[in-house]
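Colleague: Hey, can you work out the whole structure from these sequences and the hints?
Residues in the sequence shown are numbered consecutively from 1, following the UniProt record's numbering.
If you're looking for bench data, these hints aren't it; they were derived computationally from the structure. Treat the hints with care, since some could be wrong.
Said to hold, decoys possible - Simulated restraints on C-beta separations: (1) Gly212 <-> Gly120: 37 to 47 angstroms; (2) Ile74 <-> Pro133: 26 to 36 angstroms; (3) Met1 <-> Ala168: 33 to 43 angstroms.
To be verified - Derived lysine-lysine pairs resembling PhoX-like cross-links, with alpha carbons at most 20 angstroms apart: (4) Lys216 <-> Lys204; (5) Lys213 <-> Lys201; (6) Lys201 <-> Lys216.
Positions of the beta carbon are idealized from the N, C-alpha and C atoms, including for glycine.
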Amino acid sequence: MLAVLVDAENVPARHHAEILAHAARLGPVGIFRVFGDFSAGRCGSWLTLSQSEAIEPVLQMNGGRNATDIAMTIAAMDLLHSGRLGTLCLVSSDSDFRPLVLRLRAAGIEVHGIGNGGKGLRAACTSYALLEPAPRSPATAPAAPKPKAEQAVKPAVKAATTPAPRTAPSAAEIQVLRTLIGRLAETEPVRLATLAQTLHKEHKPLAVRIGGKGFKTRLAALGIARLSRANGIDFVASSASVNGAARG
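Modeller: Written out as structure tokens, the structure reads:
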């Protein structure tokens with residue numbers, strides 16, 4: 001069984017899609033737990049996300065600085081002694097988890113880390129995936145001086161603004177989309193509308209960014225699927241299934 005344990009006090013909820021993408025490469029996730037002090041609004045984004053995703057929050061209410069680390073260590077050891085754990089995905093940048101990782105690996109467990117940890121933690125893990133840094137906020141331009149009263153005869157007509165282009169999906173988000181297409185179109189092409197609905201249900205933030213009008217064009221530009229049309233209906237097939245069928 002693959003278990004994912006997340007240090008919510010160390011890794012923000014905005015990395016949820018990245019974490020899922022990395023975990024999907026290891027196999028189906030059996031347990032996804034998020035540990036943190038959720039009192040007084042702390043780690044609130046993870047708590048909100050747990051209401052719509054397959055996430056089990058483990059609350060540490062005002063437990064002190066190392067309460068979350070201790071709770072995650074206990075959970076990992078409980079899973080080890082249960083005999084069900086085959087692979088652990090440890091999501092944290094805290095180097096204090098290095099002894100736990102070494103102990104689990106000595107017991108024959110693969111430990112794949114995710115975060116921005118130091119060299120010691122990365123070296124201890126079977127593999128370690130680095131999370132993308134937070135995007136920098138654009139510098140705020142200084143406010144234009146107000147026109148003098150005698151000059152303000154008639155306000156200038158503002159030029160029509162062009163909507164800002166959508167930000168291209170990250171590599172992790174592309175992997176999430178690729179995995180979803182592979183699941184839905186494993187044996188035969190699936191309707192493009194079905195893909196859009198499932199994406200909106202399971203990965204709403206990503207669906208908002210690339211879905212809607214023009215979804216077909218944006219999907220084709222990514223080059224991760226094959227699009228077709230029959231009887232006025234758009235279909236999509238995963239590149240992997242198409243290539244496999246060609247070889248067969």
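Colleague: Give a verdict on every hint.
Modeller: Now the hints, each set against the structure:
Taking 37 to 47 angstroms as the suggested C-beta distance range, the pair Gly212 and Gly120 conforms, at roughly 45 angstroms. Taking 26 to 36 angstroms as the suggested C-beta distance range, the pair Ile74 and Pro133 conforms, at roughly 31 angstroms. At about 35 angstroms, the beta-carbon gap between Met1 and Ala168 stays in the expected band of 33 to 43 angstroms. Distance check on the hinted pair: Lys216 and Lys204 sit about 17 angstroms apart at the alpha-carbon level, within 20 angstroms; holds.
Proposed proximity of Lys213 and Lys201 is supported: the alpha carbons are some 17 angstroms apart, at most 20 angstroms. Distance check on the hinted pair: Lys201 and Lys216 sit about 18 angstroms apart at the alpha-carbon level, within 20 angstroms; holds.
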